[in-house]
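> One letter stands for each residue in the lines below.
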Amino acid sequence: MKLLIVEDNIELSSDLVNFFTGNGFLVEVAYDLKTAQQKIFDYSYDLVILDLGLPDGSGLNLLREAKANKMDMGFLIVTARNAIEDKVTGLELGADDYITKPFHKAELNARVRSILRRKNADGNNLLELGNISINLMSFEVLVNDEPIELTRKEFDLLVYFMYNKNRVLTKESIVEHLWGDHADQSDSFDFIYNHIKNLRKKLQKVDSQGQILSVYGMGYKFTEKK
Amino acid sequence: MKFKAIRLLTKTTFIYLIFISVAFFTTAIFVTRSTNNLLYEDTEVYFKHRERRLVSYIKDRDKDLDKVNGLVRVEGNTSILADNYPQYNDTIMELNQMDGPMLHRGKTILVDTSKGRFLYTMYKNINDFDKFHSVVLHTIVNTFVVLALMLTLFSIFLSGFLFRPFHQLLGLMSRYKIGDNIKLPKVKTSTSEFIKMQMLVQNMICRIEGDYKKLKEYTENMAHEMQTPLAIIRSKTEVFMADEELMNQYASAVKVIYDESTHLSNLGSTLNLLTKIENGEYNRVEDIKTYSIIQKHIETVKEMFDMKHIQLELDFDENHTLSLDPLLFDVMLKNLFKNALRYTPAKHHVRISTSNGNLSISNYGEPLSFDSSKIFNRFIRSQNDTTSLGLGLALVKKICDLNHLNITYDFADHHHTFTITPEES
Chain A
1 MKLLIVEDNI
11 ELSSDLVNFF
21 TGNGFLVEVA
31 YDLKTAQQKI
41 FDYSYDLVIL
51 DLGLPDGSGL
61 NLLREAKANK
71 MDMGFLIVTA
81 RNAIEDKVTG
91 LELGADDYIT
101 KPFHKAELNA
111 RVRSILRRKN
121 ADGNNLLELG
131 NISINLMSFE
141 VLVNDEPIEL
151 TRKEFDLLVY
161 FMYNKNRVLT
171 KESIVEHLWG
181 DHADQSDSFD
191 FIYNHIKNLR
201 KKLQKVDSQG
211 QILSVYGMGY
221 KFTEKK
Chain B
1001 MKFKAIRLLT
1011 KTTFIYLIFI
1021 SVAFFTTAIF
1031 VTRSTNNLLY
1041 EDTEVYFKHR
1051 ERRLVSYIKD
1061 RDKDLDKVNG
1071 LVRVEGNTSI
1081 LADNYPQYND
1091 TIMELNQMDG
1101 PMLHRGKTIL
1111 VDTSKGRFLY
1121 TMYKNINDFD
1131 KFHSVVLHTI
1141 VNTFVVLALM
1151 LTLFSIFLSG
1161 FLFRPFHQLL
1171 GLMSRYKIGD
1181 NIKLPKVKTS
1191 TSEFIKMQML
1201 VQNMICRIEG
1211 DYKKLKEYTE
1221 NMAHEMQTPL
1231 AIIRSKTEVF
1241 MADEELMNQY
1251 ASAVKVIYDE
1261 STHLSNLGST
1271 LNLLTKIENG
1281 EYNRVEDIKT
1291 YSIIQKHIET
1301 VKEMFDMKHI
1311 QLELDFDENH
1321 TLSLDPLLFD
1331 VMLKNLFKNA
1341 LRYTPAKHHV
1351 RISTSNGNLS
1361 ISNYGEPLSF
1371 DSSKIFNRFI
1381 RSQNDTTSLG
1391 LGLALVKKIC
1401 DLNHLNITYD
1411 FADHHHTFTI
1421 TPEES
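Here the protein sequences come in this chain order: A and B.
Numbers 1 to 226, taken from my numbering, label the letters of the first sequence in order.
Numbers 1001 to 1425, taken from my numbering, label the letters of the second sequence in order.
The hints are simulated quantities; they were obtained by calculation from the structure and are not laboratory data.
C-beta atoms are modelled at their ideal positions from N, C-alpha and C, and glycine is treated no differently.
Treat each hint with caution, since some may be false.
To be verified - Straight-line C-alpha distance at most 25 Å; calculated DSS-like pairs for lysine-lysine:
| id | chain 1 | residue 1 | chain 2 | residue 2 |
| --- | --- | --- | --- | --- |
| 1 | B | Lys1308 | A | Lys153 |
| 2 | B | Lys1334 | A | Lys2 |
| 3 | A | Lys171 | B | Lys1183 |
| 4 | A | Lys153 | B | Lys1334 |
| 5 | A | Lys165 | B | Lys1255 |
| 6 | B | Lys1308 | A | Lys197 |
| 7 | A | Lys197 | B | Lys1255 |
What the hints assert, rightly or not - Derived CB-CB ranges, DEER-like:
| id | chain 1 | residue 1 | chain 2 | residue 2 | range |
| --- | --- | --- | --- | --- | --- |
| 8 | A | Asn144 | B | His1414 | 52 to 58 Å |
| 9 | B | Tyr1176 | A | Asn120 | 52 to 58 Å |
| 10 | B | Val1285 | A | Asn166 | 48 to 54 Å |
| 11 | B | His1404 | A | Val88 | 24 to 30 Å |
As the list claims (entries may be wrong) - Quick look at which bits of chain A chain B covers, simulated, 3 or more residues with Cβ under 8 Å:
| id | segment |
| --- | --- |
| 12 | 10-20 |
| 13 | 55-69 |
| 14 | 92-106 |
| 15 | 163-175 |
Chain B extracted, bound-state conformation (with noise of 0.2 Å):
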């Protein structure tokens, strides 16, 4: 299940105003009820008073209950009705022309007496407690209402303003370039969380610094040393091959060693171009206009194809550009003529071409041996395949990646395509 990302502010504040709402709502609860009982006692008082008072009022005139006011004689089976009462009600009521009509709360009550059932029903008015039940409700809906917003206000101003030195940070953190082994400036804050946050991003890139500047040296140091040890044996075997009578014992031994040594040497310095790359050593990012470097290439590779008796069929835009540094494009491009000249079988034919904004190379030939999704895998190679490093394919990879370059591979009708394209800004 994914996610929908949201900034920590709008978070925190939303979560912020669910517990409010519940505390508000709570709160409103418990106010509803404390009035609703403070009501209750405050009439049960007033009516039991009045119970009181009429109780002793049939008793004093116990010989003429009809005409007493508001009592009613209950007929019938008046046993039934003891569970109902007392009966309670609230009502809207003019007691008072002055007033006007108000809210009342009825109790209807079961008296007994030596004549029979009455009901009674006695009223107090209970309008001004309705309206502190409803000012306080109000109230509380208010308030709620006012800090929602606030808070709302609030924490837009802090993700403008608090937030600023983190944001400043974060721009800082995403166009940082390893290699460029530079100082962060210093974004001013006085929060100490970012104060400690832009210490320790500081410290961090010294240490991808100082790891990124020992990797290069190993790599360059073993470039470097690996190659003298290899240049005295290919110095060693020349000795040998100078020796006519030692060639004629050990030819195919010395060629063993010479040829072994040149796939070592060669597997090394492409490796270490590889790290180089990655490394983002060759950054010199230019526009290039493709078309005369690739015209220059196919000059110098055409009679190798040619050889081969190779059809090179070519269409060129030449507006054509790609956004790379020079060097790595003629990397990239020996690797995939070296590719096609080496996988392209004799007699057949060769496509490149830079229409409609990309770069394509296609040559006839068999399916893969393997998955097509490792291609561009390294020591990746056909079976057959004895002599290729298995590493072109991986390095126009990494320099496509590195330079915003998206690069499919596709078979179709018996032809390898490889397509560059520049990646939608």
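Next comes chain A alone, as it looks inside the complex (with noise of 0.2 Å):
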């Protein structure tokens, strides 16, 4: 998979690419609108990560440039927290999703493999670690190919876990994640501690390989066991 990510902060765009790259996408970068713009003309992406914020212009002209050129690359939006309106005139324009900063990169990734899911429908639909194989147009989870019911949210947060496989994931982008804009809700995000209860029971009383391991004091991390 090919990524391109356009972002004009140098520190930002690197810390970026060393992280798709390290979880194996090919991946290149553009620090301005005129390169993003020759980038997506000479060469084929699946995915660009568009911040709208560039130097020399709003970023969502490339996104108006490739959808009136019919581009079929997909397009993830990153704005600045609340600019409602560039969301909307985003999405309006064709974009796939959009997320703002500054962002969990765990939720980027979740969100990137997403899209990239639904772009190519024809695709693999089927997420596996181990033993566990979930079925993301179904929503079906099966575990040694035996089928275990979970609420929608231990859904997503497993496949939020599948997506982010050994890495910690910390509480606060576990609830962003499951609860989006109400995220800030509750005064502390201890709450998810149910639901990962919850999923742990139901994926140890199947032998499951995958666990649920938590980090003291940051979060929990999803691991496949030796």
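The task is to assemble the complex, starting from two chains supplied on their own in separate frames and drawing on the hints.
What follows is the structure in structure tokens.
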């Protein structure tokens, strides 16, 4: 999978390049609108992670051009928080999703994978780790080929963990993923513990090879049992 | 002391009327005095002439004074009388049958002769003078009444016609909203003051719009530019978090950096939202049916209430509406729910109601640890609350203020209640 990261901040873009390269993507970067325009016309990408505030213009112009030229690459818009107009305009112009800064890389990763999966509808809709298999179309979870019953939140949580296996996920990141804009409703994120506990119990019950580990003071990590 | 507001033209007319009445009153006094003086001088000349003739007549008829018509002898101690004369009196009398009764002025003098003292009274017809006097006074009063009437009518005419451009300008100014970036339509007028005022208003609007644009750009740039460094901080801390060895040593420090960058990000974005609301950027006002939107919010957050074993008591009127931008209603609800969830102790209840045209959210809780009048101020929070931004209720208040909604806070019987009511038009 080939990604183009359009972000003018060198530190952030290099972090993202390292992150996605480490996740098996082929990544290129453009620091301004002009370079990004050249790149999307010269090469083919599966997804463009597009920051809107670029030094030589709005990232929306790139999106407009791509859609006007019927390019079928996916677009994930990165906006400053609360720039609702940008989000609405971006989605109306044909962007696949948006994420607000500052974002959790795990969340970005989940969204990138989700877009790529939707874009390649004829492709694989299965997410697998050890003996766990998730069908993202039918919302079915199999462990050792046996279906297990999960609530919607538990299902979303498991998918999020699977997308970000072996990575520490903070409670904030998990809450934001599950509750979106309502994530900050509560003063404590401890309530996700119930979901973690239930999911953990259900996975253990069927001898799942995936396990949720607690990382003290930070959050949780999903790993494959050795 | 509070003065009642009066229109400028009414005020100037009233003051002008006071000045005119003072001027006319002074003129009336002056004219009265002048005519009286004229009357006095004229009658005095006549009386002096009569007196001289009387004296020479008395000298000629010295021997037979009792037969002189009008002479009255003064008996007794005559020395006392000398100080009281001459005496004047005005009386109506008929000296001539042809003319009928007329006003006369009489002058009684004391005449000393060798045969004793006599009183003599002379009369002069002052009827014409009196008429002249009253005609002048009538003229002054009538002129004043006509002038006052004319002035009042003229003032009404002026306010309706000459001041029309002024009122048009006021109307345009009152309808102007910051951010409209409008050029005011030109008001037709040939009055130089109004032309100048129109220019000044237009210039002022240009300056306001310029400042507003700069402020908007500043807040937007701040929001964007601040989020990128915060994204880098978060990204770097996530790199640390992925390193188990490093985390064994510095977990708490990394967590603090992570939490504080999140707090800063939330603070920046909430302040940015507050500024945008204050600047009137969310002005897509609609009549919102609150029922379905509140239900949707409850569905999303119910789980969080359930986890604290907080019971939700709901009383909805399906026809309840509020007029504001749907996005702002969303922000308002989110913050009110957040407030209720945060400050309701576990195993208690929250009441949400939209009956009687009001939207009210009430939750069980301990009394506030600060003055309740400050509850809608920015950065006000309970003593033990370290995680809240202290901006939620300030946001709600600002949204209410800008959308003609009243929000009240009340604490009674261990219940904190926020009630939102549309302002009476």
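> Next, verify each hint and record whether it holds.
Verification of the hints:
{"no.": "1", "hint": "B/Lys1308 / A/Lys153", "in the structure": "18 Å, holds"}
{"no.": "2", "hint": "B/Lys1334 / A/Lys2", "in the structure": "39 Å, violated"}
{"no.": "3", "hint": "A/Lys171 / B/Lys1183", "in the structure": "52 Å, violated"}
{"no.": "4", "hint": "A/Lys153 / B/Lys1334", "in the structure": "20 Å, holds"}
{"no.": "5", "hint": "A/Lys165 / B/Lys1255", "in the structure": "20 Å, holds"}
{"no.": "6", "hint": "B/Lys1308 / A/Lys197", "in the structure": "16 Å, holds"}
{"no.": "7", "hint": "A/Lys197 / B/Lys1255", "in the structure": "23 Å, holds"}
{"no.": "8", "hint": "A/Asn144 / B/His1414: 52 to 58 Å", "in the structure": "53 Å, holds"}
{"no.": "9", "hint": "B/Tyr1176 / A/Asn120: 52 to 58 Å", "in the structure": "54 Å, holds"}
{"no.": "10", "hint": "B/Val1285 / A/Asn166: 48 to 54 Å", "in the structure": "50 Å, holds"}
{"no.": "11", "hint": "B/His1404 / A/Val88: 24 to 30 Å", "in the structure": "26 Å, holds"}
{"no.": "12", "hint": "10-20", "in the structure": "holds (count 5)"}
{"no.": "13", "hint": "55-69", "in the structure": "violated (count 0)"}
{"no.": "14", "hint": "92-106", "in the structure": "holds (count 7)"}
{"no.": "15", "hint": "163-175", "in the structure": "holds (count 4)"}
The structure fails to meet hints 2, 3 and 13 from the earlier list, while all remaining hints are met.
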